[in-house]
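Asker: Sequence:
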Amino acid sequence: MIPLLILGLLIQNPGAHGYELLSLMEKRHYKYIVNFTKGSFYYNLQQLEEKGFIEQTHRIRPNNGREIHTFIITPLGIEEFDKLMGKYGTKSEYVNLLFYGALLFADVFDKNKLLELIQSQIDQTEARIDLLDEYLARNKELPGKIDYFRRMNENSRTHHLVNLHWFKKLKADIEESIV
13 MIPLLILGLL IQNPGAHGYE LLSLMEKRHY KYIVNFTKGS FYYNLQQLEE KGFIEQTHRI
73 RPNNGREIHT FIITPLGIEE FDKLMGKYGT KSEYVNLLFY GALLFADVFD KNKLLELIQS
133 QIDQTEARID LLDEYLARNK ELPGKIDYFR RMNENSRTHH LVNLHWFKKL KADIEESIV
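In terms of my numbering, the sequence shown has 59 at position 47, counting the first letter as 1, and numbering is strictly consecutive.
Incorrect hints may appear among the rest.
Claimed, not checked - Straight-line distance between alpha carbons at most 25 Å, and here's what the computed DSS-like set of lysine-lysine pairs gives:
no. : residue 1 : residue 2
1   : Lys180    : Lys125
2   : Lys181    : Lys123
3   : Lys95     : Lys63
To be verified - Distance windows between CB atoms, simulated:
no. : residue 1 : residue 2 : range
4   : Gln68     : Leu116    : 39 to 49 Å
5   : Glu91     : Asn124    : 51 to 61 Å
6   : His41     : Tyr112    : 17 to 27 Å
Simulated from the structure, these hints should not be mistaken for lab results.
None of these values were measured; they are calculated from a predicted model.
All C-beta atoms in this analysis are idealised placements derived from N, C-alpha and C, irrespective of residue type, glycine included.
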């Protein structure tokens with residue numbers, strides 16, 4: 013998935029440098045789409061270059077003297093982008109939270125500690141909803157133009173609201189069973 017994100021960002025931002033692409037992924041909260049680290053990002057960037065999907069355009073020496081490598085997508089990279097769009101655009105996955113794995117053993121875990129875990133999930137989910145609300149408030153959809161990223165974030169927000177409701181209900185049920 014990371015190669016698709018990098019190629020797509022380079023189509024949208026030709027001549028961007030690696031740090032700029034990574035910053036866009038972080039700013040746009042792509043971490044909710046795929047887990048990535050700085051290391052995995054740069055590894056994938058290097059792999060895309062080695063395979064000829066992207067190439068360096070030139071190096072810029074800003075006032076601080078550092079070299080910055082800028083990139084563009086190649087015709088081969090456009091073909092790979094199209095292939096990856098087909099690959100990921102036709103996939104549908106189950107909603108899978110790591111928390112579900114821990115919940116499998118809730119019946120043999122201390123109920124008070126379980127409540128703490130659930131509260132952690134509630135706090136994290138509320139924080140994600142707040143981030144999405146902030147993004148959606150700042151970025152209004154333009155009339156006549158479909159903003160797919162905005163719609164994706166609206167959908168993500170809806171999923172988080174459902175999770176939040178479920179976490180709160182689960183917590184209430186456990187609290188009731190303790191009494």
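Asker: Under the constraints set out in the numbered hints, which ones does this structure not fulfil?
Answerer: none
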